[in-house]
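Trainee: Now for the letters of each chain:
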Amino acid sequence: MMTSAKDPFADLKDGLPRRKPGEAPALLARKVSKIFGTTKVLDDVSLAVMPGEVHGLLGANGSGKSTFIKTLAGLHDPEPGAELIMYGEAAPLPMPAGGARRRGISFVHQNLALMPSLTVLENMLLNDLAVTQQWNIRWGKARRQVAEIFERFDIHIDPMTLVSDLPQADRALIAICRAFEEVRVTAGEGRGLLILDEPTPFLPKSGVDQLFTLVRAVVAGGASVIFVAHDIDEIREITDRATILRDGRLAGTVVSAEADHERFIELIVGERVTMFQTARGQAPDRPVTASVRKLSADVARDVTFDIREGEVLGLTGLIGSGFDRVPEAIFGALPGSEGSVEIGGKSLAVEAITPARAMAQSIAYLPADRLGKAGVGSLSIAENMALPVMGEFRSLLGMNWPKINAHVSDLGRKYDIRPNRPAQALSSLSGGNAQKVLMAKWLQTAPRLLMLDEPTQGVDVGARQKLFHAIDEASRKGTAVLVASTDAEQLAQICHRVLVFSKGRIVSELTGAAITKDSISEETLRAHAPATDQTQEVA
Amino acid sequence: MTAPDITPPAAAPRWREINWAGLAESYALVAALVVLFCIFAMLLPTTFFTWANVSTMLGSQAVLVFLTLALIIPLTTGDFDLSVAAILTISAMTIAVLNARMGVALPVAILAALCVGAIAGAANAFFILYFRIPSLIVTLGMGTFINGLTLWMSNSATIGGIDFALVMAVVGTRFLGIPLAFYYAILMAAAIWYVFGFTAMGRRLLFVGRGREVARLSGIQVDRVRFASLMASAMIAALAGVLYAGTIGAADPNSGNTFLLPAFAAAFLGATAITPGRFNPVGSVVAVYFIVIGITGLTMLGIQSFVQNLFYGGALVSAVALSQLVRKREEQQVG
Amino acid sequence: MTAPDITPPAAAPRWREINWAGLAESYALVAALVVLFCIFAMLLPTTFFTWANVSTMLGSQAVLVFLTLALIIPLTTGDFDLSVAAILTISAMTIAVLNARMGVALPVAILAALCVGAIAGAANAFFILYFRIPSLIVTLGMGTFINGLTLWMSNSATIGGIDFALVMAVVGTRFLGIPLAFYYAILMAAAIWYVFGFTAMGRRLLFVGRGREVARLSGIQVDRVRFASLMASAMIAALAGVLYAGTIGAADPNSGNTFLLPAFAAAFLGATAITPGRFNPVGSVVAVYFIVIGITGLTMLGIQSFVQNLFYGGALVSAVALSQLVRKREEQQVG
Amino acid sequence: EADLEAARAIVEAHSVLPSFEAPGAPFDAASCMAGKRILSIPTSSAIPFVSGIEEGMVAAAEEVGFEVRTWQNQGQPTQWVQGIEYAISNGYDAVDLMAGIDPNALAPQVAAAKDAGLKVFASHHRDVTDETAEPNVDVSLPLSFSRVGEIIAAWIVTKTEGDANVLVIGSDDVPPSQPYWKSFEAKLAELCPDCKATYYNVPVAEWATKIQTTTQSALLQDPSINYLFPIYDSMSQFMLPARAITGRMDLPIASFNGTPFIIDMIRNGDVEMDVGESLGWIARSSLDAYMRDLCEVGDVPDELYIPFYIFDAANAETAGVPAELDKGYGDAHVGGFRALWGLE
Ligand SMILES: Nc1ncnc2c1ncn2[C@@H]1O[C@H](COP(=O)(O)OP(=O)(O)OP(=O)(O)O)[C@@H](O)[C@H]1O
Ligand SMILES: Nc1ncnc2c1ncn2[C@@H]1O[C@H](COP(=O)(O)OP(=O)(O)OP(=O)(O)O)[C@@H](O)[C@H]1O
Ligand SMILES: [Mg+2]
Ligand SMILES: [Mg+2]
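Residue numbers (the numbering used here), protein chains in the order written: chain A, 2 to 540; chain B, 17 to 351; chain C, 17 to 351; chain D, 70 to 413.
In isolation and in its complexed conformation, chain A is listed as follows (with noise of 0.2 Å):
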């Protein structure tokens, strides 16, 4: 199973790390293999994680880390053959409901497991209430004891709030908080396992080190940790080894701080990758596509800039700072914003622009919440695809869905969406291919301004690429690309110029070869320094 003839855990005999001889491993699960339909989603995957320690999981969009962990939870059942050994117990699989909480497993699902419409107190009791055998509930107690945790850590949530109320990443913090407090509680003294599936993407970056230090705090303590994420320096920083899966098979297991990230990306991706960059620089002295003024929305204030033809422009700061409200707004998708907005020589009020306006001046949006805002799980790739093009197929007798079909797969091709069958619903693609399909659905417009909140939120290194050259060729026919993002790499990657956020406004600019990822994470953190006094000012 090992790819690499180095590996530093060949000298066991049974193919298992361990730190202290004799010791069982915390979580050993054999042979996991998962279909769904005619998709063999995980083939004969095999885990270790042992005692204290910090475990990566990586692999492309789509390559089955999320339906392992939905299998250890209980959701999915595995194909016969499988089986899972914890601290050197076997526990039964298919995971009976409850299961997992019983054997101290906790989990940060990748969706986050909350439910909007209830409240904040109701969804950190979730776990529990769902297995409990007690037959009543304390409120006055369970109210006190969620405001102690959340004291704990440190978070100002009112715990009677609507989590619909709260913004993403609240949402984040309230699903690790439970998921550590669940572990603390549940788990025998040095045992446990706690699960993240890619928590990180709706962090701020300080949000992103205080998880790491509350993981760090975890293991010390005996517990062990399987974290998911596709930001590789986060995962060399973090684990202490890491397995990566590609097409639902194990590629391999690596010792964290021996692999460097070009092995890591080879891993995943299976080949080498070159990595895209967009040729620095100011962007072409072209005319300008949109003059952005005053505009205010939710918590940004008086944004102000000039977005040119083929310029990628970046809007980036920390969460809740602002940034991502700008194209929203732009495209009227966010009431009670004021502004104005100039593009194609026409002068919009900001609160007079909705979805059908701001498209018809050749506007796209395309929104982070992607089986939420930017796609319907239930209808097909087509469908979905065809959405804002329908009229270019229309005949004499009305949608000719052949050529609709053909215009799907082509564009399927083009963006490499796999599987590419145009039929087949959105929902059932990965993160990474929905995506994809996301952004075909506008790029075939060819939009005068395409802007795109966190669009590869959750994306793999190799789709990643993919869709940066498809943002690249748009901006060389012409379009202006407008990117929302937290993601200071990425941004990195692809800008001609980067605007940073602090408290809704926009507090300094970088351009050309100042760009870089320290750049830009150095700027979002200063920015926010003297954050008392701007809190002040702002309200």
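There could be a bad hint or two in this list.
Listed below are several chain A residues computed to face chain C (Cβ distance under 7 Å; list not exhaustive) [what the hints assert, rightly or not]:
| # | residue |
| --- | --- |
| 1 | K41 |
| 2 | A74 |
| 3 | L76 |
| 4 | G99 |
| 5 | H110 |
| 6 | Q111 |
| 7 | S118 |
| 8 | L122 |
| 9 | L127 |
| 10 | N128 |
| 11 | L130 |
| 12 | W136 |
| 13 | N137 |
| 14 | G141 |
Hint data in this document are derived by calculation from the structure and do not stem from the laboratory.
Glycine included, each C-beta is placed from N, C-alpha and C at the ideal position.
Starting from the known structure of chain A, fit chains B, C and D with the ligands onto it as the hints suggest.
Mentor: Leaving out everything else, chains B, C and D with the ligands in the frame of chain A:
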């Protein structure tokens, strides 16, 4: 509705190949209809299996087909319309009151009935869209309210004596031996089939039903689409009322309401056929006639009327259960 | 973990303060009930505003309260149960057939009625959970099927002569002047209130209704919870049938079905009160009596019966519309 | 061989305007009824036939000088329960269960009313041949539905000259349906041994959805059917489309109730005959029986005194154009009852 080569996801290994499971699923209800027909044809060769009977069955259910078609439009945009039966009733009653009692000319009376339908639809849409109340609640309340209006208009009485021209235009005239009402229903179904499957409007309806927010951010004016669908539903229900008045030449304030549950049953049963998982007009028509064949056959066999209820309920549940077996019992979003 | 830049959401400035808008929303329906009561009390001081009338109103609608309570359980888990009224009817009819016609002892007959309810609930759950058919379709079909059975059992006739002991236990005995039936309804509502609000089971019901997938991920045995809720609904509906038989001392195969829409209306109306946005038993009770006060007052004023429909429909829509105004017309997920 | 003679005699007896025959000895209603109050609970106020009777009772009571009040309802048994309890707690002297409420189906409330000293009346709710005991009812006025069955049987035999194959549609959930149908069947067999009749049951709740299909199926199955008999005339409207769709517009329809829009249909030629009963007459003869009981003057009838009158093409216009409730029966009952009650 999707084009023929769009097949359901799970069962499509390669999407140009013939997908037998998909076909079986799509045409199971049609097959069941044929089998049921054949069974009764064999049991009752001289009465059931006659052109007279077939044309009668076809001609007599146009009202139910219309009402089912009225339902599937808002169901596609994710709204319930429980007021369609009440609208049918008030529309028929409007014609009766205006034409038979007050002597207003038939075309004017029909126009008035359609206006009443439009007002009802607009009222539904107002409460649903302006106040953001779930459609189920609004149309439940509105249906009851409209029933009250119908009782008031009619003084709770049946009003007969509607201009015979209407009856002639609905069931009195035949083409190929089948009353015209049938052709109206087929035309309406064909129109909706075309709109659902081959127009941008149809896509918009579907997207609004499946993902409001996605639709909005794709530039679809969601409220306008929902308004249109609620209006269309009310107007088609009002047309069903015109047909109903034409079928019986009279209007009474209660009987129309009993069509509500059969229409819902047919809409959901129809969503298991042709393009499974989506409310579709062809499936609705098949569903209505499937049930009619069963009920007619049972009646002709002289079986007691309670058996018809058993058949109705049993057929609905077991047809859907069978279609779920074909899909390996996977949960479906119907919409 | 720190999130220094995250300030508490705007909606809740400080979470121990009294939230007037919230209170207004929660108790608007209660206030409307009181106002309506006062209006009729002033208009009809000698007939409406008497203890005899109040106790009659309280006692005679226990059946509707039960049926509404039966509905809100599956509504909370995200399932519709359109078969409750049919279960009520067959349960009452089972008692009438066994006890009045076949002379079976009353307790046995009641037990049999509850068994019939349990079987119906299990059948609903089987089709919904095993075949993964939407509950709306299953219970629509099952309701029709059960109606057929009721017609068959009863030969379509009303059967009177149920053991007077049942009547005594339901409406014949009074406590503080109110028939016992009222207390049963209140007890049932209190039990559900406790389960919904203060037990882990109640939260599981809610979790399952608000997010199946998340519930499953959290280790809730979703199917088991849904099964329990469908069974509970059928059993409470069967109990409602027992009460109904006890209220009128007889059973007929039709009238029970007319409770379906009022019960739905009360469930949704009730979801605007007490804990707005959630189906809740206290709200349901308030909603039932709000409607009963209106209808009784109108009847006593001798107003024509169609006005009852207008009141029913109008009250439902306008009460929900008002509650939406309080919430600034934001779309709500009810569940 | 058909006994056309006998059949014709029956038909003729009910084709002349009804004359008044005093159902008992005269009495002074005004004095003994003064201050008395009756609450009348109809099966549903939304049925015009029923509300017509209610209006007649209220008006007649006013003439006499006491109060009859209608409990408006929509046919819900729980509303009837409320009505009875209202009567009990508001000092009424009697409750009247009108036109279809089976007192045995409200046994607890009826018993409670009795216990509270109220009289309980029921009228027009079942057939006279129905032997079901009604232990708690002071006055029970069943209607002779079976007589109606006989009249219609005679009519059909007369019209078909002894060659009838009748399609009968009834609703077994309406209690008089069975005795009514049985008497029809018996009389038909008696008058015309070769005639044939087939009965189909369609519950009231399914009239709109099932009468039409049932009729169609029956007609297609047995093309020799030459007469349609919906036992309640409001069913006719659902049979008309069946007749049209199966191309049997020639089929005559005979029925019972005298509902105005059916009489309109007679005028238009869609329906052949309808046996009617005067609502005013029902109202007065019910009141007469109730007053006899309340005044304890004896002679309380055990059947609703009501003459049946045949409407056909010849006299349909006498019911008004368009037809009205309670028109066309003459007014023998108005003067007759006034005299009987000592109001003249
Ligand atoms: N319920 C399901 N039904 C059918 N296919 C599924 C289902 N869930 C996941 N899949 C498929 O299984 C594959 C693996 O998905 P999974 O979510 O495990 O990927 P992942 O590694 O977590 O990817 P990502 O990095 O995008 O989160 C994908 O191809 C996905 O489309
Ligand atoms: N169903 C519920 N969902 C969410 N929160 C609730 C619910 N019921 C009560 N609460 C909240 O919990 C808080 C405390 O409730 P409770 O009345 O049980 O307090 P308590 O008497 O202090 O409890 P205990 O006796 O357990 O200490 C209340 O402020 C209330 O807002
Ligand atoms: Mg994943
Ligand atoms: Mg991912």
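Trainee: Hints first: check each against the structure and report whether it holds.
Mentor: Comparing the hints with the structure gives:
| no. | hint | result |
| --- | --- | --- |
| 1 | K41 | violated, 23 Å |
| 2 | A74 | holds, 6 Å |
| 3 | L76 | holds, 6 Å |
| 4 | G99 | holds, 4 Å |
| 5 | H110 | holds, 6 Å |
| 6 | Q111 | violated, 10 Å |
| 7 | S118 | holds, 5 Å |
| 8 | L122 | violated, 10 Å |
| 9 | L127 | holds, 5 Å |
| 10 | N128 | holds, 5 Å |
| 11 | L130 | holds, 4 Å |
| 12 | W136 | holds, 6 Å |
| 13 | N137 | holds, 5 Å |
| 14 | G141 | violated, 11 Å |
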